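Same order as they appear, the protein sequences are chains H and U. Note that our numbering gives residue 25 to position 25 of the first sequence, counting from 1, and the numbers run on in steps of one. Note that our numbering gives residue 183 to position 183 of the second sequence, counting from 1, and the numbers run on in steps of one.
It cannot be assumed that every hint is accurate.
[As the list claims (entries may be wrong)] Coverage of chain H stretches by chain U, computed from C-beta distances (three or more under 8 Å per stretch; other residues unrestricted): (1) 22-30; (2) 304-310; (3) 392-406.
[Said to hold, decoys possible] Not close to chain U: a few residues of chain H, all C-beta gaps over 12 Å, as computed: (4) T41; (5) T101; (6) I103; (7) N154; (8) T160; (9) F270; (10) K293; (11) A340; (12) C412; (13) K429; (14) R476.
[To be verified] Stretch-level coverage of chain U by chain H, calculated; a stretch enters the list once three of its residues show a Cβ under 8 Å from a Cβ in chain H: (15) 14-21; (16) 133-140; (17) 173-185; (18) 190-197; (19) 219-226.
FYI, nobody ran anything at the bench for these hints, they're computed from the structure. Computed from a predicted structure; not experimentally measured. The C-beta atom is built at its ideal place from N, Cα and C for all residues, glycine as well.
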Amino acid sequence: MMKRMVSGSDALVAGLAQLLEPDQVLHGPAIEKAYECDAYTVDRSPPFAVVLPRSTEEVCQIVKWCSEFGVPFTPRGAGTGLSGGAMAAKGGVVVSTKKMTQILELDPLNERLWAQAGATNASLSAAARPHGLHFAPDPSSQTVSTLGGNIAENSGGPHTLKYGVTVQHVLQVTFVDSAGVAHRIGNLVEGDPEPDILSLIVGSEGTVGLVTEAWVKLTPLPTEVRTLLAAFPSVRAATETVAKIVASGILPAALEFMDGRMLMALRQAFGLSFPAGAEAMLLIECDGNDPAKVDHEAHSCESVCRGRGALSVEAAETSEERARLWTARKKGIGAMGRLAPTIVTHDGVIPRSRLPEMLDFVYEVAARHGLGVANLFHAGDGNLHPCFYFDDREPGIVQRVVSAGEEILARCVELGGSVTGEHGIGLEKLDGLKLMFSDDDLSLQRSMRRVFSTSELCNPCKLIPDQRGCVEHMRRWRGAAT
Amino acid sequence: MRRAHATLARGCHLKHRIVGLGTKKWLLSHQEPGTKQVRAPSGILEFWPADQVVSVLAGTSLDDLQQGLREQGQCLPLPDPQVQGKCLAGWPGTVGGLVAANLPHGLWKVCGGPRDWVLGATLVQAGGTRAKSGSRAVKSVAGFDVHRAMVGSWGQLAVIESVILRTWPMTAVPTCRGTLVGQLDPQEAWIQRTDRSNFALALDRSPKVLAYDEPSCTIWSAEEPPTPSIGWLLGPGGRRWSGQPVHPFRIRLKEVLDPNGVFV
Ligand SMILES: Cc1cc2nc3c(=O)[nH]c(=O)nc-3n(C[C@H](O)[C@H](O)[C@H](O)COP(=O)(O)OP(=O)(O)OC[C@H]3O[C@@H](n4cnc5c(N)ncnc54)[C@H](O)[C@@H]3O)c2cc1C
């Protein structure tokens, strides 16, 4: 289609204003600043305008308009993404789902729920809870991150070790393609005998269109939950415990790791106390509906911990105590923010049996680059989150953090893992993808985008490396924070 | 019958049918004369019991794979065809067939299906290019999950050469709660899945039920049942109904991966 030209941001905003109510089109310096990045703050690029549609129909109109005038558009949920996915890489329009927060239908008998994409993850579970159900994916950002963002990133969380990541909990989506046409993809009943297109949309990081609504699967809440917090005298003892628990065939609902530096941050920030001599801790949760089986699993985990030299293993007896044991895990990232002005959390995955050697490597890399690092991560999945803390005013330090991260990711791939377990490729990890995949593999990846569209307007420069016209833009936004 | 990448040379326009052990042949449309057959190689490539992950060539029989995994106390969570019958066992053939057909089975509700187990795959595309997606990590969001798009592809998109699968400790696999009504080893069946609201009625209306699995709302019957009001139905000769027309993106996926329509 021939693109009609709109020049200047005023003309652009005027065009959008004809489609929507005044409170649905935001622009101006404050908006540009607020939307210039997501929770990955290294790269920044402001949009011309932010639009807040209320319905699938309005999203279709906006996308058709962008397509007609050749304006790039970027879907955005809560902006908690950690790889720059919601940054307007080529400027243009940010399409925010902030006003699309309705739960449209709850069907407890069939264990499913239909919601708009801007509904928060936590609101889905809150709606389902009175029926003894919940939405199982539980990213730590769940009180704010949206269903659309979770779908786009295929998000995980502490309990996805047992329950699976977002793709395993989405039945059908309403999806607006990059020409502005709405489609229903998927089936309310799983396993239909057709190629699984839905699995390509989940995890596509908003690069092939916008999800406006979704039917998700609800999972019964377990009646029995046992939570343990085990303290270890060394990181090695804790990581070996993780490998041993996984290898023994127990499948905990969650198996989370915190190292000594993280504990120190938690002590300093929130006054939490931990057993003397603790250099690492594991939070282990077993759940199910059969009390004897859940008890057995919890006891087995406890004996593995003690067998590996745990200093203490604390068990929660009540839901209040369980919440207390989770406090350290949940407040970890917040505590890091108080240790240093800047933190950068990396995200890589390794086969879980390699955790002990991998953690040794993370500390060695940090020491070699003269950086502080703390670790808090989903150990049961082998999903690392080395968290570097630093003062970005120190000359050269950002580059050292980037180099350290690259070395860690390269080792993840060498060990048979992945450059990202849940934060996505976005624009942060475009080069990382090349570590994992050959040219032929990448060309297969590129071809998947063509299934949905040939337009380059939808969230350009993300997910797939070497896209046309992105290099010049990259110079503009790369390292814009420093 | 030849190995996939050798057969599918660049520029090849001959029609090919990807075959495994032929256990699900009755679910495919009639094969036109002159169609070549192509099969994936077989064998377990690597098994990492401590990680509960296996990499296996897609032509490997499920029997062989299960036996290899059992030696380390692990398995794919599928019912035993000798005990529960072929229907509830998901009509086992090869690993490639398991992924490509994505048939339901009697442990689905608790253990999921191939879409939940497949972590990565190597594909041979029409034209012979070999490409992979995914990894052996149990969690990865690096790029499009092309391996998952192969689930339910019925040999129409590319040859699945090998897959990386998540395995289960045998001790963690629950007992199958499906009910076998007919024979252990039927020749063919109509397979339908619906939701809980419609399951009792669908079961009641299905003629000659062979087996059913209430937790996953699946019914296998010897004769064609009425189409469920919600869900999907699959039958002999490639007949299928999913309540919606073939989606343009599915057509487009075929055009992108197999532009000359080599795989039939
Ligand atoms: C403190 C903190 C903790 C976190 N913990 C976890 C965790 O435990 N597990 C985890 O997986 N992630 C975690 N994250 C990362 C992030 O929260 C998730 O990726 C989340 O799913 C993003 O949701 P969002 O609504 O904020 O999306 P955004 O950040 O707004 O967008 C993320 C991506 O999705 C796209 N997108 C958003 N909405 C749509 C839509 N409707 N249609 C199409 N594309 C869309 C955007 O274009 C972008 O590419 C964490 C982040 C923070 C800041």
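Comparing the hints with the structure gives:
1. With 0 residues having a Cβ less than 8 Å from any Cβ of chain U, the region 22-30 of chain H misses the three-residue criterion, and the hint is violated.
2. Interface restraint, the region 304-310 of chain H with chain U: violated (0 residues with C-beta to C-beta distance below 8 Å; minimum three).
3. Counting residues of the region 392-406 of chain H whose C-beta lies closer than 8 Å to any C-beta of chain U gives 0; at least three are required, and the coverage claim is violated.
4. Every Cβ of chain U is farther than 12 Å from the Cβ of T41 (chain H); the closest lies at roughly 20 Å, confirming the non-interface assignment.
5. Separation of T101 (chain H) from chain U is adequate, the least Cβ-Cβ distance of about 24 Å exceeding the 12 Å criterion.
6. Distance check on I103 (chain H): its Cβ is at least 19 Å (rounded) from any Cβ of chain U, clearing the 12 Å threshold; non-interface status holds.
7. With a closest Cβ-Cβ approach of about 5 Å to chain U, N154 (chain H) is found to fall inside the 12 Å limit, against its non-interface label.
8. Not every beta carbon of chain U lies more than 12 Å from that of T160 (chain H), the smallest distance being close to 7 Å; the non-interface claim is violated.
9. The claim that F270 (chain H) is not at the interface with chain U holds, since no C-beta of that chain comes within 12 Å of its own (minimum 29 Å).
10. Residue-level check failed: K293 (chain H) sits 10 Å from the nearest beta carbon of chain U, not beyond 12 Å.
11. The Cβ of A340 (chain H) sits about 27 Å from the closest Cβ of chain U, beyond the 12 Å cut-off, so the non-interface label holds.
12. Once the 12 Å rule is applied to beta carbons, C412 (chain H) is inconsistent with being away from chain U; the minimum gap is 8 Å.
13. With a minimum CB-CB distance of about 8 Å to chain U, K429 (chain H) fails to clear the 12 Å threshold, and the non-interface call is violated.
14. Against the 12 Å criterion, R476 (chain H) stays outside the reach of chain U, whose nearest CB is about 25 Å from its own CB.
15. Judged by the Cβ-Cβ criterion of 8 Å, the region 14-21 of chain U is not covered by chain H as claimed, because only 0 of its residues qualify and three are needed.
16. With 7 residues having a Cβ less than 8 Å from any Cβ of chain H, the region 133-140 of chain U passes the three-residue criterion, so the hint holds.
17. With 0 residues carrying a beta carbon less than 8 Å from a beta carbon of chain H, the region 173-185 of chain U misses the three-residue requirement, and the given coverage is violated.
18. Counting residues of the region 190-197 of chain U whose beta carbon lies closer than 8 Å to any beta carbon of chain H gives 5, which meets the minimum of three for the stated coverage.
19. Counting residues of the region 219-226 of chain U whose C-beta lies closer than 8 Å to any C-beta of chain H gives 0; at least three are required, and the coverage claim is violated.
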